[in-house]
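Q: Starting from the two chains in their separate frames, assemble the complex, guided by the hints.
Going line by line, the protein sequences match chains A and B.
Just so you know, the first sequence maps onto residues 1 to 556 in my numbering.
Just so you know, the second sequence maps onto residues 1 to 823 in my numbering.
None of these hints come from the bench; they were simulated from the model.
Check before you lean on any hint, since a few could be wrong.
Unchecked claim - Under 7 Å between C-beta atoms, here's a sample of chain B residues computed to sit facing chain A:
id: 1; residue: LEU41
id: 2; residue: LEU43
id: 3; residue: GLY126
Said to hold, decoys possible - Calculated from the model, a selection of chain A residues having no Cβ within reach of chain B, i.e. all distances over 10 Å:
id: 4; residue: LEU251
id: 5; residue: GLY288
id: 6; residue: GLN297
id: 7; residue: ALA337
id: 8; residue: ASN346
Said to hold, decoys possible - Straight-line Cα separation of at most 20 Å, SDA-like style, residue types lysine to any residue; simulated pairs:
id: 9; chain 1: B; residue 1: LYS118; chain 2: A; residue 2: SER2
id: 10; chain 1: B; residue 1: LYS733; chain 2: B; residue 2: LEU688
id: 11; chain 1: B; residue 1: LYS612; chain 2: B; residue 2: LEU688
id: 12; chain 1: B; residue 1: LYS612; chain 2: A; residue 2: ALA400
id: 13; chain 1: B; residue 1: LYS118; chain 2: B; residue 2: GLU84
id: 14; chain 1: B; residue 1: LYS599; chain 2: B; residue 2: GLY566
id: 15; chain 1: B; residue 1: LYS118; chain 2: B; residue 2: GLY622
id: 16; chain 1: B; residue 1: LYS118; chain 2: A; residue 2: GLY144
id: 17; chain 1: B; residue 1: LYS612; chain 2: B; residue 2: GLY566
id: 18; chain 1: B; residue 1: LYS118; chain 2: A; residue 2: PRO124
id: 19; chain 1: B; residue 1: LYS599; chain 2: A; residue 2: ALA428
id: 20; chain 1: B; residue 1: LYS118; chain 2: A; residue 2: SER181
id: 21; chain 1: B; residue 1: LYS118; chain 2: A; residue 2: GLN176
id: 22; chain 1: B; residue 1: LYS535; chain 2: B; residue 2: TYR474
Glycine is no exception: its CB is placed at the ideal position from the N, C-alpha and C atoms.
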Amino acid sequence: MSFLNLSPAIFWLGLAGLAAGLYALQRLRVRHREVSVPTLLFWREAIEEAPARVLVERFRHLPAYLLVLAIAGALWLAMAGPRSDAAPTGERYLLLVDGSAIMADGERLQAAIEAAAELAAELPADRRTIMWCGAEPRTVLLPGEPARLVRERLAEAQAEPAPASLERAIRGWSQQAGERSVIVLGDSDWQGGFLDSVGLDVLRWPLDTDERTSNNGVRILGISSARSGDPLAVDALVVTRDASASVQVSLNDTPRTPTSEMTLAGGLVLHFRDLPADGGHLQVRLAGSDGVALDDQASRVLPVRRALRVALDPSLPQVFTAAIAADRGLQLAADPAAADVVVRANASFGAGLPALEWNSRDAQQEPLLITHDAGADSTEALSQLVPKLGLDRIDAQALATATGAPFAVGARPGAMRSIGLWNELLDADGADMASSRAFPVLVSRGLRWLGGSTEFPAEISAGRPLSSTLQLLDREGATLQAFGAASVPPYAGEWAAADGSQQAVALLSDLTPAGAGAEALPDLESSGPSAITLLILAAMGLLALEWFLVRTGRMP
Amino acid sequence: MQLSFLIPSALGLLVLLPLLAFFPRPGGLGRAALLRMLVGLLLILALARPVSLTTQSSVHHVLVVDRSASVVQADAELASARAEEWYGGLPADALGSVIELGAADRAPLLPDADVRLKRIELGANGSLASALVAAAAQVPDGGLGSVSVLSDALGGDLQASRTAADLVRRGLPVHVQTLLGDNAPRPVGLRALTPVRLGTSARLRASVAGRGANLSLVLLEGDVELARVDSLQVDGRTQVLLSFEPERAGFLALRLVLEGAGVDANRSSYAMTLPVDDPLRALYLGREGTGGADALARLVGPGLSLESAGGGPQSLDSYDLVVLDDLGADGLSEELCASIARSVTEDGLGLFACGARSAFGAGGWQDTALADVLPVEALQKEEKRDPSVALGIVIDTSGSMGGNRVQLAKEVARLAMRRLLPHDKVGIVEFFGAKRWAAPLQPASNNIELERALNRLAAGGGTIILPAIEEAFYGLLNVDARYKHILVLTDGGVESGAFEPMLRRMASRGITTSTVLIGGDAHSEFLVTLANWGKGRFYSVPNRFNLPEILFKQPTSAKLSAWQPGAADVIAGGGPAWWGDIDPRAVPAVEGLVQTERKAGATGVLETIEGKRPVLASWRHGLGRVTAMPTEPVGPGSRAWDEWPDYGRFLARTLERTARDLAPFAFDLQRDGHAMTLTAVRLVEGDLLPAARVHAEGDTDMELSFEERAPGRFEATWFADPSTLLTLDAGAKNLQHIQRLALDPRQERLHDPRQGFPLADLSAASGGQILSADAALQAPVAGGSGSALDYRELRPWFLLLALVAYLFDIFDRRRNRETVESV
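Bound-form chain B, shown alone (with noise of 0.2 Å):
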């Protein structure tokens, strides 16, 4: 123990002390002077006011007792009782403070006028972690005490946790008797299963607590009635799945109302605000004009934003999907094609191609870096062609083609002719110094006709080539046959004329000319121009022993159209994730398909019955799902699910799983009181930053600021009123993606049980009490460390001796006068 002087300024009047024995006359040290300077001396220490300091610490009691609106009035009126015994058993050296949680409509607790008692009121904004900071708040670090809760454990946060434990190290025992609450039914909570998006189902949980029998739910927005349960039986706590399509996005202010017997009005009703994200931003890429944009948009709803970029998107990372319709490789560029692969495979973006006749094979997508990236083969079928040919056959008779040239002549006419086919025509020319058809153009199955004329021609006359081949090009012009050619057959005299612009003209208008050399010299210069011109080739027939194979066609080979039409009976697959509700067995026929095949691993969503051929597979391609539709979705194709009630839903289904899954970032908004935290996981590849603004309501927008407390983990803090609703747009810088996010305000009234602040954990783990409904609240066990430094105030036992002194002297004073008065 240690002597101190809390005022030892006063000791100063000590000095002051001697004086009695002069004043107001000098009369010595006598016995009343004597006596008289004790009781100053007494005084003036007291003035100082000694006190003995000790680690010895005075006891603090704390009393919490919750009156929020969360207790009903049976519990109100137990805690009260349980208030009056806690004060009733107060120590008398003991100091005591009661804290009251929501007091304001409730009646007086505990009498007034007690010095010990303190009393701390917490305002509307109170709240069991509030209370349990005012009350280790009660007890100085290293004293003793207790702390005491009667509440029903509702409405605890991290500050409630913190001070909890703090309270556990500083070895302060929390004495709790929970308030249990009535058996009202009543709504105690409704969350989202998952993150809801305009198009699709919003799921949400819904839980009541309370005892009842033919209750029903309902979920409200407004006065509309969204979902509905009823004959509801509920004893202790029951959750309930409820679920409707929203039909705009943003932040929906639902209800869920209670109905039926026994339900508290005041308690019936549990608000929720439900962020619903905008649809997704799908990139459409397809024949412009053709209007399948806003066809598909119709059919889907409003789950799916489709954006037609003309001349290309800037960007992909905007978009959660692209769809690819009915557009061949050539309407893409192949950066595009390339980028679009890339984006599925690396940043998760949705792909759903589809279409029939300038799609898959037959619009050349196996030769794109889309290929890859498909779930289907794109088969490709080619045909071998013979194609139509119109050969037009020129042959010098002039006198020069004497002898066995003009034999040799027709001998290679005959061999061209030999080469056609039955449907392909031909005609011959000859020049003698004039022109003349000697066979007019005419299918090659003629022969017999052809031979007559061939055989009726003979040597004579000038050589006069160009009139001829005018001649022969105007005779084809007209004729509709894949190829057309002249041969021109002659012994190769040199002839002047135009030439050059009428062969390059024919040449132009897909009339090639080959020329022959009949007997004579190995070569003609003369003739080789003209091929050259004419785009044809030059042959040399020096003798009958050196027949040409003269080539005016060749055999081609064509692509066949993939696209197959008829009906097509199918068969689901896929499963649930798939399908949901939508029944699989009543998809109609499909009424034309083009030819693929499913790529192993990929699933068949929808197959021919027959064949197995894909009308809907899909699979998941790096980060990205792929699904291919080798039909058209609004189009002759799919005509038949016109009368298939489910075929938008299906479809606008298959689009949102196909699409980018995979936001950005993962959200997670804590509130701890006012002070609110935004922690944002990136998810993806990359630098991307996050970016969140807030709307708190009557307050102005807050762009948030985030800083990287890990790699890829950042977090934003700032500070809200914890009565107000909170909602926020997040995403990502740069990105259109945004999730909304919401946060209610607390209400008291409705508090799930199950999410109480755990009283009892405290409890236990700081070696307090758990009582029982019945049980007294009295004489609560004090701990702590007891080294706090206390102090014991000595003044009244100072004032005390003073006035024994003081009476004393009185005493003696008249004792000594009149024994003084006697002698």
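Same shape as in the complex, but just chain A (with noise of 0.2 Å):
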């Protein structure tokens, strides 16, 4: 045993001063003397100037000395706080608070908050343990915690626009040892299979509200390159849980009418093709309100994906001209000033550019040579860069034939992206590769990875991991952190982008509330009365009786 307020030597101290110190006190006597006074005026003096201050030798009185000390020592042990070495024995409790969108449906996160607590007051206090599961899963009640600091705690609690953590609270406490339990109170549903993958029981509370309100959502807003293959637009698909209401989608705020519609699973579908990806503003309303205002609309930024500027230069054949010119993704700059990317025959023209450069074969001793980003393994990079340049349409051998050497494709890492190859390559009464059919597939792709054009995440969606290496930053404009892993924006709504630009998260959760909780609900635990009320409650005992002797003369 040990004790919350106290050391133990301090404790035993304390007691054994208590006891010593009663113990004097049992023996305390006053010496009276008489003194004579003449009259009663004088009474007082007397009085004064003879007080009793003679300590009797013989110890009196034991069974009166045992009660107080044992009240005494149960107020000093109550306030010292004792408390049991041991871990709490017994099943510990997780009460799960739903706090994601789901529950803005009128009251009912106050209900579930109000449950949690009364629970909380009703399960032993060491042994229960209290999580916010809204965009994260947070802890409200620590063990051992006053059941009264849930409210106080939750007091401004709201639904936040975020899927709930329900899951992922769940999975990290069923990793503990133990025997646990899980209560839910709230309307967040988990995927079939989740439980039996946990291996824990969960009760979901039923809540002391009105019946859940129907609810249609947004459920997903998702963007790909356009299936027309045009590199500057984009397609959306656009699915909402119900196919009843309808949909109102417009970017930039002109309406679109979708290119396809159909009703799947009982929710509406709409494909719309060839969006302009040049950052507008995709916005998607669900007509009319429901119970759940926060999934009736989702929005997307959609990238930007202009033309990539490319400076030619001058002494290059116009066989390249052609080649940028087939790409629509490509754009002629006049100027390497205004290029993205340049290619060039003389390393000073577009110098600090990613380019596309012809080399002699003194500057470089592979026919190409791929400098690709820093920290990057070259060997992967090769690997990766090798199919997503066309590289392996090249005729290598017609081209080691022209060239008397062989075709080699080398990479290192560097500051600067490029793509260098021996100028001899070009040499129509050579090795002639511009009129290869590789050659624009070649320059196409080549220039598209220099221009460093990044790929778009499919969704941006509050609490699921992005797919590209899109950077948010959160509301304290640092860099929203991954840690080896894709990001994930926890919650929904307007996100700044490392590269400047703003974001929407939209939030597409299927708010589809789970079942009704549970119809009977099992005995749980009561916590009971602690040990220190318990000792409190013995003192006030002892003292009444004490009190009761006292008064009635049975004690001194």
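A: This is the structure:
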């Protein structure tokens, strides 16, 4: 046993001191002198001049002493706060308060908080934990903390524009040892098979509030590269939970008509083809209102895909002009200063820009040398870039025959991306690479890679990993950390991105409420009075007894 | 600060306090009663559990100690020492939590008897991710605290990353000491560089960590050694390429075993499940009954599953490749030709066209939809030929032909014979009431004999044509000539008889009949009719000045055989992608070749040195690849290649490279603890839907349900035990194209250090400290917003006051009693 408020040594010293003190008090006797006074007028002075100060040596009234000692000891022990050193035994309880968007339906969130507070007061305090499951699972009440704090700590809580983190909380809890129970207070459902995977019994506690209202919502808003092949366009997919509501889709506040519309699994599926990838704001709204307004609209800032500006070294043959003109994603720039990438035969042309450059054999050892981003592994980079740049389509044998050297492809890290080729590969009387079918592919893909055209995420949705390298900034302007995995925007709303753009993170959750809570509630353990409370009550009882004995003259 | 009572109902006892003045008998509110009421008041307040609510939070320090199997003993001891330091430095008013990861077989950590210290042990499936989750949960939202981590940083996942990001957002510093492990060499990774299909080489990259020399790395399937690297030096981390040829499709249970001095037996074997896809499915279209498909299948080995489709395939979607083997255009329907061409262009189907006498130009491919997709021009040379002719001249020498008419008939006969070539044959039958061979069938070069026979003819007798025509017919019947013709020269006397069946029968046997009206009227209905029945022509010769150009044969053009037998040396091209480790200089001469020309833009993989004729040419056409081999893969043309040891491999490689290389979907399988996500991105045009089936150890198969999350991007999520092997067959609905995927359970002891969770980044981002190996982990710095509403218990103070008041009461009671008694 140990003590919350005192060290064991101080407790025992204190208790010994109490015993000794009370012992001393028990032996306290006043030696009284008889003083004769002529008149009662001197009574007071006589008392003051002849106080009783002499201790009686003989100890008397042992039961009285023990009673007093018991009272004082109980108070001292209660004050010290006795606590068992053994870890709490028995079932531990995790109460999860659903703080996700689905709880924005009427008074259900307040009902969940209230139920959590009541359960916290009921359950053994040292074996129950309460967590808030909004965008992230956060602990609201630790074991041992008073249940009253639940209401205090969640007084300002509101449903968050995010999917529930119930599954994450349960999964984390499932990996701890011991007997555990999970009680969910809220409406978010989990995926089928989840509970089997964690091996926990989870009880959904019924909330003391009205039935849930119906809710429709935007469930999917995803974009992909245009199926038409237009590099400057994207396609979009919109899916609602319920096909009954009318959907208004606008791009930069201009209504858009879907390319196709169908009903699938009860929801409305809309396809939009060839939307301009110019950073427009695609907004989806459901007409009317329902129980949960948070998912009645979703928006997405479309990626910006402008034509890559390419400056051509004038000394290069015209075949490059044709290759660039044939690609809608490339645009010729008159001046390197206005270009994103350059194609050059002279190192000074567009220096400092990513370049597809044609060098002499002396300048580079390999006929084709790729300079990739620093920090990447060259072997890995090469294996990825060979198909990506269409290098596997080059007739290497023919080039090797023409140049008299093996057509090797090299890769190295560097500060600036570049693709270097021997300029003799362009020799019309020799290798004549420009006339090969692979040439426009290499030029087109190579320039795009040099330009660093980044992929855009298919979805930007609260609680879902981003499928691209888009970096969002949190409210403090710091980059949303990923730590080796895909970063996850935790909640919906407007987010700034590291590239300076504003991104809309949508709430694309299937806010389908789970079934009703348990009809037959199990008998939960009751916490009962604490040891300190019992000690105080015991002390009060003993004090009453002592008071009775003293007042009836049975105790000195 | 706000005063509050956690058990306010206890305050109801306050109403009992005044009773002290009357219990057990009325005594009034004397000093003793007041003191006793004060004690009671304080105790009732203490019972109501008074607290002060404040944002001055208590501080929660959390220590995560990684004691999992990947942590070597020395590091475990170091972690114990660091944990003791952390415990020693724990501030007196702070709360601590220790989270032990994988401590089942380790000695206990830190003393048991400390109420400030909460212990959490993570079970067997615990990971660094779950430890971070548990650590984050020990600090209430808005509270103050810190997290200290002693770990080798192995075993992070998305869950760990999200939790780490949340710790940063909460401002909780994470102090890190990375346990570096030992330098025992050990295999830590094995992965396939490219998807592996039966019939292709599996190329694997093995990673070995630690330090050691003269090591051997062995790749095993069961007890069978698949690949081996000896004399391996490792210093830190080394990657080794291993290659082998899988002998069966499916999931291969591979083991990477490291052997040599200094290798820990418990960490010497790394397990990996290699998915090997089924062989290419090829549709074989060739002449039936030749055994070409079987021979080709034997040659290229197990990497190609050749299927012959009798009556034409139902669909080309199920095939990766179509092999056209020496099949003429007449062996393919126009629809199938167009379908193949379209599938090549639009769906990426591979086409391998080969053959000899019946293929390419000779097979009439130049007139089909396939002509455009082939990488070679199918040459078809033609030569002009005068066909051989056997001519039977039937001359009417009856009396009516007297005078100039018989002479005129002779002139016409001479004219006809002059058109014959020496090797043609000609015979003369005269009829004059009877029939007679004036000149039997003989070569036209015998013009002297023939002239004499003509000269001998003289008019006289009756006109009976039919027997003479019959005579000529039977004479021509057994003559070997391309064209057989009977020319009837008469003045057109009308005659009855069974002409029609006779002439039609002759025509059906390839013997045509023309008629010439000699002299007289310009028209004879009878002779015209005969010519029609005999599928010949009718001519009218009124006089010697109007001799006709009798056409009984026409010069024709014939297709020359494009097949050129004879050995031709070849030279290789195309580059390593075609040849791999096969020596292109060792290709023997080809012994027969269909004449073709390589189209511009096509790659000449093999060409004859002389004439640069393509032997194997290939190009990409639309989404697909087409390879042409204008000789027989198995047959006389490539007979010399039977002795070429790499021929089978080369052909298999060629077919593999030609086949559809565009899987319908790109699949990406991710595991985050129990949660599994399979993402499918559609790579082809159309509305194909993905399909996948999961096989988990000890569980029933499960069909995954995909949801389209963006155009062409699908996602399926489910849950699976992370400690079990997971295998999947993935593909497209209604297509037999299957990709195999596998995910091995985590191997705790053999994690690649470079794949570890970036604890240092987390520490830096959260404002924590990164401790060196010899640094002490003391007095961790706490952080956090401190905005959480906290409480401070006031009950001990009330209890102390109650105790003091009680003691004073006793003291006072004693003192007052004696004093009172003295009075």
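Q: Hint by hint, note whether the structure agrees.
A: Hint by hint, here is what the structure shows:
1. Interface restraint check: LEU41 of chain B against chain A, minimum CB-CB distance 11 Å, threshold 7 Å, status violated.
2. Look at LEU43 of chain B: its Cβ gets to within about 5 Å of chain A, closer than 7 Å, so that hint holds up.
3. Contact between GLY126 of chain B and chain A, as hinted, is supported at the beta carbon level, the nearest pair being about 5 Å apart and thus within 7 Å.
4. Every CB of chain B lies more than 10 Å from the CB of LEU251 of chain A, the least distance being 16 Å, so the non-interface label holds.
5. Against the 10 Å criterion, GLY288 of chain A stays outside the reach of chain B, whose nearest CB is about 25 Å from its own CB.
6. Look at GLN297 of chain A: its CB is around 18 Å from the nearest CB on chain B, clear of 10 Å, so calling it non-interface holds up.
7. Taking the minimum C-beta to C-beta distance to chain B, about 37 Å, the non-interface status of ALA337 of chain A holds against the 10 Å cut.
8. The Cβ of ASN346 of chain A sits about 30 Å from the closest Cβ of chain B, beyond the 10 Å cut-off, so the non-interface label holds.
9. Between LYS118 of chain B and SER2 of chain A the alpha-carbon distance is near 14 Å, which keeps this suggested pair within the 20 Å criterion.
10. Taking the CA atoms of LYS733 of chain B and LEU688 of chain B, the gap is near 7 Å; set against the 20 Å cutoff, the hint holds.
11. Pair hint LYS612 of chain B plus LEU688 of chain B does not hold up; C-alpha atoms about 43 Å apart against a cutoff of 20 Å.
12. Distance check on the hinted pair: LYS612 of chain B and ALA400 of chain A sit about 18 Å apart at the alpha-carbon level, within 20 Å; holds.
13. A distance of roughly 15 Å separates the Cα atoms of LYS118 of chain B and GLU84 of chain B; the hinted pair therefore holds under the 20 Å criterion.
14. This hinted pair does not check out: LYS599 of chain B and GLY566 of chain B have alpha carbons roughly 24 Å apart, beyond 20 Å.
15. Distance check on the hinted pair: LYS118 of chain B and GLY622 of chain B sit about 66 Å apart at the alpha-carbon level, beyond 20 Å; violated.
16. A distance of roughly 11 Å separates the Cα atoms of LYS118 of chain B and GLY144 of chain A; the hinted pair therefore holds under the 20 Å criterion.
17. Our distance criterion of 20 Å between C-alpha atoms is met by LYS612 of chain B and GLY566 of chain B, whose separation comes to about 15 Å.
18. Straight-line distance between C-alpha atoms of LYS118 of chain B and PRO124 of chain A comes to about 16 Å, which keeps the hinted pair within the 20 Å bound.
19. About 18 Å separates the Cα atoms of LYS599 of chain B and ALA428 of chain A, which keeps this hinted pair within 20 Å; it holds.
20. A C-alpha spacing of about 19 Å is found between LYS118 of chain B and SER181 of chain A, which places the hinted pair at or below 20 Å, so the restraint holds.
21. Straight-line distance between C-alpha atoms of LYS118 of chain B and GLN176 of chain A comes to about 13 Å, which keeps the hinted pair within the 20 Å bound.
22. Of the pairs offered as hints, the one joining LYS535 of chain B and TYR474 of chain B holds, with about 17 Å between alpha carbons and a cut-off of 20 Å not exceeded.
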